[in-house]
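Full structure from sequences and hints, please.
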Amino acid sequence: MKLRLLYLEDNPDDASLLRLKLSKDWPDSEVAVVANEADFVRALKDRQFDLILADYRIPGLGGLAALQLARKSCPEIPFVFISGVMGEDVAVEALKQGAADYVLKDRLARLVPAIERALAEAEERARRRQAEEHVRRIQTELEQTNRDLLRKNDEIQNFYHTLSHELKTPLTSAREFISIMIDGLAGPLNSRQLEYLGIARQSCDQLRVCINDLLDATRLETGKLAISLKPAPLSALIRRVVTAVTSTATEKKIALTSEVQPDLSEIPLDENRMTQVITNLLNNAIKFTPPGGKIVVKAGDAPDRPELVQVSVSDTGCGIAKEEQSRIFDRLYQVKTGDATSEHGVGLGLYLCRELVQLHGGQIQVESKPGQGSTFSFVLPKSEHLLRANLLLVDDDPQMREVLHELLERHGYNVQTAAGGREALEWMRQKTPDLVLLDLAMPDLDGPGTLKEIKENWGGVPVIVYTGYAESELVKQALVYSPFTLLAKPCPPAELLETLHRVQRAGDTTTWKRNHFGLMKPRLKRPRRSDVRTRKSVKLN
Amino acid sequence: MKRILVVDDDSRIASALAIRLEAAGYEVLSAVNGLEGLDLVLNQKPDLIILDIWMPVGIGFSVAQRLRGLGLKNIPIIFMTASKLKGLKQVAKELGAAGFFEKPYEPEELLRAVSDALATKAVKNSNLSLNGLKSPTATPELQHEQNTHHRG
Numbered sequence: 001m002k003l004r005l006l007y008l009e010d011n012p013d014d015a016s017l018l019r020l021k022l023s024k025d026w027p028d029s030e031v032a033v034v035a036n037e038a039d040f041v042r043a044l045k046d047r048q049f050d051l052i053l054a055d056y057r058i059p060g061l062g063g064l065a066a067l068q069l070a071r072k073s074c075p076e077i078p079f080v081f082i083s084g085v086m087g088e089d090v091a092v093e094a095l096k097q098g099a100a101d102y103v104l105k106d107r108l109a110r111l112v113p114a115i116e117r118a119l120a121e122a123e124e125r126a127r128r129r130q131a132e133e134h135v136r137r138i139q140t141e142l143e144q145t146n147r148d149l150l151r152k153n154d155e156i157q158n159f160y161h162t163l164s165h166e167l168k169t170p171l172t173s174a175r176e177f178i179s180i181m182i183d184g185l186a187g188p189l190n191s192r193q194l195e196y197l198g199i200a201r202q203s204c205d206q207l208r209v210c211i212n213d214l215l216d217a218t219r220l221e222t223g224k225l226a227i228s229l230k231p232a233p234l235s236a237l238i239r240r241v242v243t244a245v246t247s248t249a250t251e252k253k254i255a256l257t258s259e260v261q262p263d264l265s266e267i268p269l270d271e272n273r274m275t276q277v278i279t280n281l282l283n284n285a286i287k288f289t290p291p292g293g294k295i296v297v298k299a300g301d302a303p304d305r306p307e308l309v310q311v312s313v314s315d316t317g318c319g320i321a322k323e324e325q326s327r328i329f330d331r332l333y334q335v336k337t338g339d340a341t342s343e344h345g346v347g348l349g350l351y352l353c354r355e356l357v358q359l360h361g362g363q364i365q366v367e368s369k370p371g372q373g374s375t376f377s378f379v380l381p382k383s384e385h386l387l388r389a390n391l392l393l394v395d396d397d398p399q400m401r402e403v404l405h406e407l408l409e410r411h412g413y414n415v416q417t418a419a420g421g422r423e424a425l426e427w428m429r430q431k432t433p434d435l436v437l438l439d440l441a442m443p444d445l446d447g448p449g450t451l452k453e454i455k456e457n458w459g460g461v462p463v464i465v466y467t468g469y470a471e472s473e474l475v476k477q478a479l480v481y482s483p484f485t486l487l488a489k490p491c492p493p494a495e496l497l498e499t500l501h502r503v504q505r506a507g508d509t510t511t512w513k514r515n516h517f518g519l520m521k522p523r524l525k526r527p528r529r530s531d532v533r534t535r536k537s538v539k540l541n
Numbered sequence: 001m002k003r004i005l006v007v008d009d010d011s012r013i014a015s016a017l018a019i020r021l022e023a024a025g026y027e028v029l030s031a032v033n034g035l036e037g038l039d040l041v042l043n044q045k046p047d048l049i050i051l052d053i054w055m056p057v058g059i060g061f062s063v064a065q066r067l068r069g070l071g072l073k074n075i076p077i078i079f080m081t082a083s084k085l086k087g088l089k090q091v092a093k094e095l096g097a098a099g100f101f102e103k104p105y106e107p108e109e110l111l112r113a114v115s116d117a118l119a120t121k122a123v124k125n126s127n128l129s130l131n132g133l134k135s136p137t138a139t140p141e142l143q144h145e146q147n148t149h150h151r152g
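Read top to bottom, the protein sequences are chains G and C. Heads up: the first sequence at position 99 corresponds to 99 in our numbering, and the numbers run straight through without jumps. Heads up: the second sequence at position 112 corresponds to 112 in our numbering, and the numbers run straight through without jumps.
The set of hints was computed from the structure by calculation and includes no laboratory data. We put the beta carbon where it would ideally sit given N, CA and C, even for glycine. One or more hints might be untrue.
[Said to hold, decoys possible] Computed list of lysine to aspartate or glutamate pairs in EDC-like fashion (alpha-carbon distance at most 20 Å, straight line): (1) C/K84 x G/E406; (2) C/K86 x G/D14; (3) C/K84 x G/E221.
[Unchecked claim] Some, not all, of what chain C presents toward chain G, calculated at C-beta under 10 Å: (4) D9; (5) A23; (6) E27; (7) K103.
Following this line, the structure appears as structure tokens:
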């Protein structure tokens, strides 16, 4: 390797001596000697060298001043002092300020090894810088992708809103003109005409439910379906729904009864959404139960789980085959009845039921025996406290901890704080949280170390790493333990909350896959092992 | 006979509403966009407005806002929309809507909302004229109307 040296030296004899020494030990080297500040500065600008040698005593320019000049204009190039006399304290100060090494003029044998070592370290630094650059680029890309996805989300959302608006407008006039005829505003009708128009109007209503379900499904997919839970009486809600569908059941000669536990207290509900769930289950039951059948709605304390309320809808319908039971709540899944004439939905109803029940913090299931009937039941927590997600906040900065703690508690999280990695793991062992918000730069066990432990022992718990660019070295280390979600610090509260919600719903973003709308969620490339090097401590001797 | 203005860019819905409302004994005016609607409000003084929210020219909310700005606060407005966008109902409420209907609407419910709004308005107006007796100046509402003539 050809070595190009810049040598700051005012004594021509010393310069010649060094040139001679180097030409012997390192034949392929080139030494440019400068003797004063002006020439030194000019040479620094040109950057045509791999290493700087400098005499510590240059008249008019102290050794440390020369070092500072060099650090400022080309910090990546190693700087080695060479001096006749250099005290220990001066040498230490020089190294502190960034000199790579120092060599005494009467011990020039050390020169070549010192140069070799300085060059090797510089190379290592350059590699590390490259790796950091790489991490920073990934981080920027990730942020950009996230922004793009959010925009895409909005576009999808807007598209479905427009679509639903455009579908409902003609539906409205169709339904209203049918109603006008049924109500006799266009002249008298015979009974057959009335019956047919009644069927047409029912079809309009079915179409409306379909369009609304489609819109809700899109909202769910794009994370925009928010429910607001307020304590409300479930029993009254069930009564209302049962009353609303009774006429449909009676028309089909189905006996619809309800058994609601009388002392059922108010529980956190989004009344509109819960109405939608129970209506949907009842309409399904009516649809699949033959005339003369029975449907029973029950609500009360869940068996063996006093903290939960259980609601069930049982019918004496055709039932659901075992292999279909596990898939019946899937999006767009349609039960194969083998009956060509029976009505099919788009396969969104039960999917929405499951999602809405889950948004209430509950769970839904089905039990069925083909030919005998089905029971759909779901449980809901009685107290909102049970609903709040448990979040472990790990940050060594007490102020940051306090601010975030307050913000997150206010937005519906049960927050447990930890001031460091070890404390965090201690809490994890006591109670597994629903998600972890993890700072990277911490004393005791740092972020990457904590992340490693979490991923190894609690792999399913999503982790959001929030970090500043200054910590890109740590991010690089943490990337080995991906997937996790990366959040740049400082981050506006709205973005933090949105990220938390998204992660809560979808898990760690780095494992996102193609979703139902063909939208690619980002898959974060793991850095190659060779890119990830542990920090090498630079010795000061 | 009470006069109702229907503003909807879908002429089929507008005419269905007209048939429905006329059968219930109201006089019906219709407009196909917000601007035309505003014009009719100022010239024909309807007793109630049924206003679609999303229209190409002058969305329902801006029409309502303009009417409030013109001091025509006492004409009840019933909003209608085929959109399920979140927050529309809240905005309607803040604009003092007398009703909010999602399309497709239930005709009986709409007719009930119309007659309720007209009845409430009648009660309010009688209170207003009582106040008017106490004070020699014109009611604020009338003052505003005069201002609009100057502006026009």
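Hints versus structure:
1. Taking the CA atoms of C/K84 and G/E406, the gap is about 34 Å. The hint is violated against a cut of 20 Å.
2. Note on C/K86 and G/D14: the hinted pairing is violated, with a Cα-Cα distance of about 82 Å set against a maximum of 20 Å.
3. About 16 Å separates the Cα atoms of C/K84 and G/E221, which keeps this hinted pair within 20 Å; it holds.
4. A cut of 10 Å between beta carbons decides the hint on C/D9: the least distance to chain G is about 9 Å, and the hint holds.
5. Of the supplied interface hints, the one on C/A23 holds, with its beta-carbon coming within about 5 Å of a beta-carbon of chain G, less than 10 Å.
6. The restraint placing C/E27 at the interface with chain G is violated, with a minimum CB-CB distance near 16 Å, outside the 10 Å limit.
7. The beta carbon of C/K103 is positioned within 10 Å of a beta carbon in chain G (closest approach about 4 Å), and the interface hint is therefore held.
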